[in-house]
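**Student:** Spelled out, the chains give:
4 protein chains.
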Amino acid sequence: MYKFTNDYSEGAHPQILKALVETNLEQTIGYGEDKFSLEAAELIKKKLGRNDVDIHLIPGGTQTNLIAISTFLRPHEAVIAPLTGHVEVHETGAIEATGHKIITMEGTEGKLGPADVTRAVQAHTNEHMVKPRLVYISNATEVGSIYTKAELTALSDACREHKLLLFMDGARLGSALTSTENDLTLGDISVLVDAFYIGGTKNGALIGEALVICTDSLKEDFRFHIKQKGALLAKGRLLGLQFRELFRDNLFFELAEHANTMAAKIQDALVALDCPLLLHSPSNQLFPILSNQIISELEKSYSFEIQKRVDADHSMIRLVTSWATRESAVDEFIADLRKLL
Amino acid sequence: MYKFTNDYSEGAHPQILKALVETNLEQTIGYGEDKFSLEAAELIKKKLGRNDVDIHLIPGGTQTNLIAISTFLRPHEAVIAPLTGHVEVHETGAIEATGHKIITMEGTEGKLGPADVTRAVQAHTNEHMVKPRLVYISNATEVGSIYTKAELTALSDACREHKLLLFMDGARLGSALTSTENDLTLGDISVLVDAFYIGGTKNGALIGEALVICTDSLKEDFRFHIKQKGALLAKGRLLGLQFRELFRDNLFFELAEHANTMAAKIQDALVALDCPLLLHSPSNQLFPILSNQIISELEKSYSFEIQKRVDADHSMIRLVTSWATRESAVDEFIADLRKLL
Amino acid sequence: MYKFTNDYSEGAHPQILKALVETNLEQTIGYGEDKFSLEAAELIKKKLGRNDVDIHLIPGGTQTNLIAISTFLRPHEAVIAPLTGHVEVHETGAIEATGHKIITMEGTEGKLGPADVTRAVQAHTNEHMVKPRLVYISNATEVGSIYTKAELTALSDACREHKLLLFMDGARLGSALTSTENDLTLGDISVLVDAFYIGGTKNGALIGEALVICTDSLKEDFRFHIKQKGALLAKGRLLGLQFRELFRDNLFFELAEHANTMAAKIQDALVALDCPLLLHSPSNQLFPILSNQIISELEKSYSFEIQKRVDADHSMIRLVTSWATRESAVDEFIADLRKLL
Amino acid sequence: MYKFTNDYSEGAHPQILKALVETNLEQTIGYGEDKFSLEAAELIKKKLGRNDVDIHLIPGGTQTNLIAISTFLRPHEAVIAPLTGHVEVHETGAIEATGHKIITMEGTEGKLGPADVTRAVQAHTNEHMVKPRLVYISNATEVGSIYTKAELTALSDACREHKLLLFMDGARLGSALTSTENDLTLGDISVLVDAFYIGGTKNGALIGEALVICTDSLKEDFRFHIKQKGALLAKGRLLGLQFRELFRDNLFFELAEHANTMAAKIQDALVALDCPLLLHSPSNQLFPILSNQIISELEKSYSFEIQKRVDADHSMIRLVTSWATRESAVDEFIADLRKLL
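Protein chains in written order, with this note's numbering: chain A, 14 to 354; chain B, 14 to 354; chain C, 14 to 354; chain D, 14 to 354.
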């Protein structure tokens, strides 16, 4: 049984484990102020081409979202998010649990555009309603699409016009940035958004997301909030070492590229077999629509999520590749698809 | 520079790292339902001698405290904690951030007794005040003391009489249970408290605390709360594997015992040198009172926390040993102490 | 300039003011335990035909909603509400500010049915999502419609099937219950829902809503929550006296009936003039669609809310009548309408 | 049975009720933007001698405290309050329920001084602890004492030095300002604190506190928070009219002065009878220490709170006078005291 269920089925890239083993008995200070964490932050800044950002390493994605958003907002301020946004659908109301409403907008292919933002702002006119203040997007999105530089620039402009913060969930930022369709750099993003995170968990780390705060007014006292929400690891070195390895050279990008290549290979096969897809995916998540019978056949050898019923006989499934996806497994899967389709 | 600063200066016990490396490419399902996490829970239950508890693996201690407490309480209910309690002093108001007041009681040597609890209850008489509902203690305490079975039984009885939940923070439970002065077992604790956690981070794990919920009415839907607070790791295997290793045989206890032995060795030397101590410590934390001059001398070769000024010329420091403390470092430290005292 | 803007443009019914004046210098105990509040609760219970409910008098509607909902729910539980629900649209995120997500369902004419509830429940399948637990409805709804006994019974059954609490916002319950189309009694409601409130502010009181808790498990310690949210008035007599007057005889119902009669008169005129309406309203709110030119003319003598643009030339307005609406003003308004339409 | 239990046993001053009756059928707009509320704000500003403050009328004291404090603070910031502070003791954890810790300091006679503030700040050194940010005081205090201009100036200077906000709970500000020992004006206070409120409920209003925000940075979007916490009354006129009457001429001060005069009369009698007092009270609350036997005798004709046991035979009681206290009742009480003491 091979899993295409998600991009966190395996442990960490071996280079990361090796670093953990090698440094294991070095004594470091705690709570993210160890030399490995500092080194990781420096390496990420170098990739961004900027020194004037704050970088915080946080164990998980939901945690990063909830800490950043609840720190950035005052109690009456709300989040604008796409209907498919991870914070809206899959985080057990974590944002609302910190007191903030999420205003959902339909968007297009999981993305928000300037018109969505403007409409949300215009619908909130006085103190009987929450005040929209932060736009939450993800790149790559929950449905596998990515933002072009033009799209992100237009959205960023709209946010600034309406005095909205722009926050990018980058749980799958590696996949977005190494997509063959991508024209954004880490540096571009740091200029266009107010804060974003670089996802480690779904790209080769055991745990860890690197939050990058770009806007000065959001930086003050941020570590208090990490601690208050229980996310300041005593052994912060565990996060530092992982990001040091990912960003020392190009490991972070190489791993993501592998995931994309594996997804593209499957997608090409599906397209060649005339299998309909939710959208042509530029990243590591595919959403093909298959007959329930074929799905049952595939489930004998592979595991994946069934996303939703499309009609009486068809469903949409989700296939996810990762840094660890074995090319031989992909080849077998394609061969099996060819037999079935 | 050798650190006696805390018990999380190093990485993980090598056996844990070995297990991570060996299982790294096995595909598992996410969010704590992987086979390693299930195995760890079974092993812990076996050590407890009980099957009717729920076990949840959570990355950190502050997080475990805040999730458990905010899940167990209704909005008007409050925590009773010792003045030195970790939740009161060192968690950036994490409990209050979930909406609950902490009522502090002085206690004795970091511990609460039945009289403390009764007094707190009696001081809260009507709906203009919060309603005390949960007693938070830690074992070992913040000042290194431990609960005897008689003490914990008396406290437990008082809690039941006043319809209070009893929660034990076990960040250093390993050290308490392997103390030469201890007469409690894991099984005893599971009967006397409503929930407690077994600390991994301070006893050889990279991260991880094992929350044990003993009382049935507290169990329902607990995983929702872990997720909502951002503590449900995608790669839950990281927690599962560590606790599997710690509890497969007796590693958890062996590591804690080493820490205690190292602390006892230092304490014996301090006592022999007539150095005053905050209390005679049965666990891995010592609080000697030294002249500022000697402290300065020691700081040239060792790092530790200065806890507080005692008088113009003296301060209390904290020395912490761990599973990783090198006996040779302890011997050198003692030799240096002898030269100075 | 006569206001049809809302049902809280005037002060209180004169009988209420008279009672305030007459009892003014009687000394009473505070915080809702005065004799007037107790008397009011008894009178309401008599109207309900039940003694086994708890009644709490609370200053305002948003406050009643937020206190009840946050008291009834555990942190991971969510509210299901219609898209037009007051808690969703017009309370500045008050529910989310207490930590709970609102799941919105489209519904029909501002009402929810069993199918809406079932769909909401089915969409929330595991601990990565909030757990639906309470269904929020209002009667009359935000768009002026009311629930029939059959509709409320069907919804109540669905809630019980799915273990959901049913909560009715009764800010305009007087208008609903005295509608010519109504077949529900206060007693019926108390059996079909878990809690509801009887709105005073919009039906002749200065302030005040009477929350009725019908389900035993929701009653415990409720006054703690009223106090914690700042809603326990020192001079609780102000609430008690008003509800005593409203429910001593039939004042509450007489006032609401007047509002309905006035609205019906306007509605009949609009229908006779072929003016389209959002829906045929059985209560004290009307939503006619008029040309912008006619609206401008009307605004010279009357004030009302413009709800939304319908097309380039037309908008929907809201007309609200109340216990205090002068029939002569209604007649003039109808006469003016006839001239314009 | 005459009540000296508190200062909210009666309704409102008759002039206030008269104004409610006279304006009852005037139609006004809702939610605190009515002409009476605007007029009240102007009148208060005139008494303050300042136009550059924001004034918000809020139904109750706990509500005003919790809205102001939760609006002014970021999530990691804490309140410093005296051990006897109303927010600490008698508000059911309302502040903690909004997420903020209260740091208590002993203070002197219910008051905080610069040294208390400095000590609290110095004890909070890093991100593992909350960050003190707002000092909460009340004037008059919970034990009846008042701040002198010199004391408030010194405290204000200390707050500014430590970048702390200073907030004054003025539930009994009338009594403080009309004390024979007072040397502060409303204008002085507005310069020395960042925000304060002028209590109406305990000084002749049915409900209502006037929050005065003096510091510009605290003003933005404040009405959103009033609404979110359920404190924006639909019929805001009820608050506006009351404060218009209280501040149109000098009614507010005359009422408070009466309360003080009545208290002084009782205090003089107690002193003449050598009865010990918690402190010599300059305001409308007295805390005499009496034998339990005398207390029992007094309870036959008067009602008051027994604050605490002093020894086996003595207890401290609380006597409160108000704008409505009848001088004849005071005289009888004194006569009865003379018989008993």
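Think of the hints as simulated: they come from the structure by calculation, not from any bench.
Treat the hints with care, since some could be wrong.
The list treats identical chains as interchangeable, and a pair is accepted whether it falls inside one copy or across any two copies.
[As the list claims (entries may be wrong)] No more than 30 Å apart at the CA atoms, straight line, and that leaves these computed lysine-lysine pairs for DSSO-like:
| no. | residue 1 | residue 2 |
| --- | --- | --- |
| 1 | K48 | K313 |
| 2 | K313 | K232 |
| 3 | K176 | K321 |
| 4 | K48 | K176 |
| 5 | K232 | K176 |
| 6 | K60 | K16 |
| 7 | K232 | K31 |
| 8 | K321 | K60 |
| 9 | K60 | K48 |
| 10 | K16 | K48 |
| 11 | K176 | K60 |
| 12 | K48 | K31 |
| 13 | K321 | K48 |
| 14 | K313 | K60 |
Since this is a predicted model, take the numbers as computed values, not measurements.
**Student:** Should K321 paired with K60 be assigned to within, between, both, or neither, using CA atoms and 30 Å as the limit?
**Tutor:** neither (39 Å within a copy, 43 Å between copies)
**Student:** For the identical chains here, do K313 and K232 meet the 30 Å Cα criterion within one copy, between copies, both, or neither?
**Tutor:** neither (50 Å within a copy, 35 Å between copies)
**Student:** If the cut is 30 Å between Cα atoms, do K48 and K31 qualify within a copy, between copies, both or neither?
**Tutor:** both (17 Å within a copy, 24 Å between copies)
**Student:** Could you place K232 and K176 in one of the four classes (within, between, both, neither) given a Cα distance threshold of 30 Å?
**Tutor:** Cα proximity of K232 and K176: in one copy and across copies (17 Å, 18 Å).
**Student:** Given identical chains, is K48 near K313, meaning Cα to Cα at most 30 Å, within a copy, between copies, both, or neither?
**Tutor:** Between. Shortest inter-copy distance 20 Å satisfies the 30 Å Cα cut-off; intra-copy 47 Å does not.
**Student:** As a check of your reading, is K48 near K176 (CA-CA no more than 30 Å) within one copy, between copies, both or neither?
**Tutor:** neither (37 Å within a copy, 32 Å between copies)
**Student:** First find the shortest C-alpha distance between K321 and K48 inside one copy, then the shortest across copies, and answer within, between, both or neither for a cut-off of 30 Å.
**Tutor:** between (46 Å within a copy, 27 Å between copies)
**Student:** Which holds for K60 with K16 at a C-alpha limit of 30 Å: within a copy, between copies, both or neither?
**Tutor:** neither (32 Å within a copy, 33 Å between copies)
**Student:** Give the relationship of K16 and K48 under a CA distance limit of 30 Å: within one copy only, between copies only, both, or neither.
**Tutor:** between (36 Å within a copy, 15 Å between copies)
**Student:** When no copy is named, should K232 and K31 be tagged within, between, both, or neither for a Cα gap of at most 30 Å?
**Tutor:** neither (33 Å within a copy, 38 Å between copies)
**Student:** With identical chains treated as interchangeable, where does the CA-CA distance between K313 and K60 reach 30 Å or less: within a copy, between copies, both, or neither?
**Tutor:** The answer is neither: 43 Å in one copy and 38 Å across copies each exceed 30 Å.
**Student:** Give the relationship of K176 and K321 under a CA distance limit of 30 Å: within one copy only, between copies only, both, or neither.
**Tutor:** Between copies, since 25 Å is at most 30 Å while 37 Å is not.
The structure fails to meet hints 2, 4, 6, 7, 8 and 14 from the earlier list, while all remaining hints are met.
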